[in-house]
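Here's the letter readout for the chains.
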Amino acid sequence: MVSYKWIAKRRNYREEEVAYRSLRTPNDKLPHPLQSVISRETNAKVKSIAPRKKISSAYSDPLSQALEGSDPLSQFVSKDEVEGHDIPATNVNQKGAAAQEWLKHRTAILSKFTTSEKLSIKSSFLQGGEKLVVKQEINDKIKHRLQQLDEFEEHVSEHKGLSRDDYVSRITQISQELHQAWALDQRVKALKIVIQCSKLLLETHPFAFYPSKFALITDILDKFGRMVFERIAEKGEIRLVDHQLPKYFKPEHVSESARETCRNWMYKIASVRELLPRIYVEMAVLESYSFLENTDFSATLIRLSRTIRGVGNPLVAAYARAYLMRVGREIRLEDRSFVVENVRDLYLSYNQLYSNSVRSELTIFRTDLADYLSLFTPAYDWIFQTLAHTGQHNELDSIWRQSFNQAEPGLLWLSLLSQFPSDFVLSKCLELALHITTTPSTGVPSQQLMVLMGQVLSRNLASSCDSNPGKMLNVVWPYFSRKEDADSYLQCMDAWMPYLLRHWRVKEMHRIINDIVQHCRPKAQAHHVANLTSIIHALVRTEQVDYQSLFTTDSLMGLLDIYPEGHSRAEAAKILLQQFLVDHDRPLNHPLMVDHLLSIARILHDTLNATSVEDEKRQISEIAIALIDRVDFGRDFQQMLSFYGDARAAFTNLDPVLAHLVQAINRLSSRTRQLIQEHNERTGHFVRACGAFAYITIPAITCPMVRFRLYLLSSQVALANECLGQADACLEGAIGLVTEFSPAEEQWIVSNLSNLLSTLLVQPDTPDQNRLHHLRRLLRNVRTFSISHALHRLRSTIYIQAIRLLSAYIQPDYIYHVPDVESNDRLYLADEDFHLEAADYCSQLLTELLNDLNQLGNENQYGKQASAMNRVPSQSEIDELRTAFILMDSDRDGRITALEVQSMLQQLGINLREDIVLNLVRQASQSGSTLMNETEFFQWVKRIQALRPSQSDNAGGSNADEEAGLDLVAAFRVFDRDKNGFITKDELRLAMELIDESMTEEGLNELIKMADVDKDGRINYEEFAKMLL
Amino acid sequence: MSVSLDIRLKKPSKIYREGESVSGIVVISCSTETRHEGVNLTIDGIVNLELSSKCIGQYESFYNSVKPIQLVLNTFAICKGSGKFPHGTTEIPFVFTLQGSQTKVLYETYHGVFINIQYFIKVDMKRGLLAKDLEKSCEFIVESSAKMAEKATAKPIDFVIVPESVHKLKSKYNVPNFKITGKIDSLVCSISNPFTGEITIESCDEKIKSIEVQLVRVETCGCADGYSKDATEIQNIQIGDGDVVRKIPIPIYMIFPRLFTCPTLSTANFKLEFEVNISVVFEDNHLVSENFPIYITRF
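As you go down the protein sequences, you meet chains A and B in turn.
Under our numbering, the first residue of the first sequence is numbered 3, with each subsequent residue one higher.
Under our numbering, the first residue of the second sequence is numbered 1488, with each subsequent residue one higher.
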């Protein structure tokens, strides 16, 4: 084959540029002559990944951007969050609002108050007909289970024992029964069902379930009230607007018959014997009274409130009052006096809670007083919330005052604190705190109250000045520090922290932290972690955090120290750092602070191990990177460098951080250069140190592509800083990595290799290496890489780029230079040898390129071989082939795998890499798989035979010769990559490289000369055979 | 061939006062053309008296039953003579003025155990010899009119119950120490207003189970020489449940049920009176109660 000579055109870049400019609009940037189109595309792609607004880093590394793209899952989450906030406030009207609030309250009650104890339900409406049978079955099951599980609860009779879920389903059943009765016009039955339901509320045991029971049964009552209301409205021909009476409604609009129905209901309910059902049912149908003329709702509600006084059990009474509040709130009524009356009545009967009868009941059921009292909270909360809703401050004030007159008012205060408007509560807190801390309490623990108060204060930090913080702190601090028990202490501190931080200065803040540390010595318990973490949250979430003092003293480190080792501490460290990075947007230059922050970040880093998930690593890396970016010692570059050294030592396991450090160090040297303009001795040393830093940091990173980029970048920076040695080393490193690339990233490889090539133009050759050493090595690696991954296009592209580079090398004055760096044009000024060598290399590349093209053309050359294959093989040949096949097919599955081919070749003394064999097999296998069956094998052999000259036809030779010939053919095929029946010099070189026997140009020439009998510059089969045999 | 009769009064509440005109329609629906010999409407007001079983032996010789007292009986034809009703529904309106016969006063409607005061409108359709006569009756309620009735005047009363004031039935029972005070807003009550008052448990050693208000009717039949007097419960309303809070007034509130109560009535032949019992039931089911005779008026 002919080799082509490349003659580079001489160019005058300056003139060309002028010519170009005249063609272009001045805004257009001149494209880099060596930059390919593809690389620009990839850049665009990288940019299109929208950077997430996170901890802002000073500049973004294009490598880390791929990592920063938020994963789809977290995107969904954040979307959900946004949507969650957008729930439109639908019901604006009073009733709707009240109902909404109740719904919230109800859900809270149902989830909070459950019981594992057995419940009983007494209802005559659950039995009858089929249901009796069903119930029997269930009871049997329960009986069975009871026998299995526990028998200690004798006081609950077995056939009544229902689990909570059973109970709920029973209630639903009753509710359905009610609907059915109503639908069948059995109003009396419906009423009876409702009465029976409300009777269930008389039974308070098991206590823990009572609030839930209340919620469930009031649901039924509500439903009943609704049905009555709607039915009367229907009868009275009132069109309901949105299930409510229209605004213009007056009782006169109702027909007499509807009113009569309503009156009938009223009389019927009034004659209900039992007190509680009567109250509940009346409250349920209260809304229907609006059909009657002269209904004074206010008076009715007050009467009901009074009537509840008759309920002896305080728990039952409290919930009845809560229901009254609810019903009253939903009625359109200006006069809210009943609310106040209701609360006053509540106060009157409050001491009932601590009466002897309650105490004796508690001892019977072995219930703790505190647990019992906690059951009241939902009811009281609701009552006081309704009161607060009326918004009359003078009323609230008097209610607040009166609470002090009660014995043991802790329970009231709990609800008052949480439900009254904050602006009201805040001014009262001091007095209350004084009261709480000085008087002992048996019912509600003072600590619970203090925690709640702390929460209220902390929630309303903005207006918390009303609470007279100075005095307040004097009151509460002694109380807290007196606490011995770490549990309650931490709970209190947790609640009060934001408030304390807001109103105390830095000095006290350290005292607080130290005090917390004191209480938790030596290590906090696992269940304290939540409190501690939220304290840490509070520490950094206040409005003006003095980070400087926080991160320069040891108290914070002490706080982190008392954390139990492991994940929770890392969590705390993460919170601290994240918040710090969000808040502290100034550059960080306080050495001690940097030191502390670094050690906190190290805590985070040290939790990482082999089991850490990728996302966790990513998060920590992000934090570390942001932290590194935030540190800035201004012009003290030496300190910067030592900080980067510390950081490298701290984050050895985090590749992104290391990558970032390399970037940062490069930035540092660039900045140095910017400042100094011309390096003196000291800065020269410094930038060399930077280069060395980068060079030794990069190998720690796993991903070869990242390493490549960093090497390239570092070499460029080093070049810019006139550190030729460092640049050379980095380039060397980068080029060595080419073979490790992932073949899937072809575009990336092309663009980055192009980048590398354009750097090579300015990088002068080193005297101790050959000329064009880097380029040669690079191309060799590229070839190896492209062959082993069958990336022919990649190779061609890079070759073309290389030719461009070589052409640029030949120019007398290069297109670009790095200031103060002597590129090859200066180095080899007027050195013709260099030009010749470059041109020669160009020609070589061109030849190879053309060969590749040729090979493409030859892919279709099988016509010739096909005709040879038409020859019918003799029986003996077939038998021979079959034996060969069976020999190769070592596992006897009728197929030959690449491995088997390889092992056969090995036996023949030919070592080939697995992927090459794979290629061979793939070529032979018609199905394109990596397996070869018998027929395919035969065809493959035939194809090889067809290539052989006619000598194989006169098959007079011995069998041994025949076999050797076959092997040789196979070997020949390995060398003859383009299957044209000749081995060229390039193919020979390639083959030698494949079997790891690199040869010099001269060696190759010699080898060919030796074998090439007919002197055509290539080796045919006979020559090959002769050479080897 | 079916015929049905129905009476529909104009007022859904069916409450009328003396002198008021009662209006309504008689609805006759028949599936085929129906012959009739006249349709009559009767207004019937009657007091039924009955002697209680515990007294019956004593008075058996004198009376088997007390003769009912006719308050009003008027019959008028709404369809004179014979005729035919066409197929379908025929509505015949009627109006009459409610008026007692001669000197008789129309007492208010009352449903009791031994005494019943009831008013009916009856429609009967006479038919030929071959077919059965049809009849339909409908009760309506009479209340006395404002002019004639008594007005309630407030007559409050305070009461105190202490162990000493209780009339012991069984001397064995160890009466616990207690003090219950209370007040009734008025012993003369309007029937349309609730019975109100309040009760306070000032102190009580024993646990309280329930506090109840009982409405009792006292029905007396007969005349001066022989009569039966029976007190029966109308309704019992619980006003306190469980061990109620001490020293807090608990409201007494009871609505007088319709039909079963009427203004207190006293005539030559019978008397209708009402009483209220307020009782406190202790944990051991013993109860103390206080009795208050009340006077009910219409207004």
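Do not take every clue at face value.
What the hints assert, rightly or not - Each pair of labels, with its calculated beta carbon distance range:
1) A/Ala301 <-> B/Leu1746: 19 to 27 Å
2) B/Thr1683 <-> A/Ser259: 28 to 36 Å
3) A/Ala372 <-> B/Glu1637: 58 to 66 Å
Bear in mind the hints are in silico, worked out from the structure with no lab data behind them.
Positions of the beta carbon are idealized from the N, C-alpha and C atoms, including for glycine.
Structure-based check of all given hints:
no. : hint                               : result
1   : A/Ala301 <-> B/Leu1746: 19 to 27 Å : 26 Å, holds
2   : B/Thr1683 <-> A/Ser259: 28 to 36 Å : 30 Å, holds
3   : A/Ala372 <-> B/Glu1637: 58 to 66 Å : 59 Å, holds
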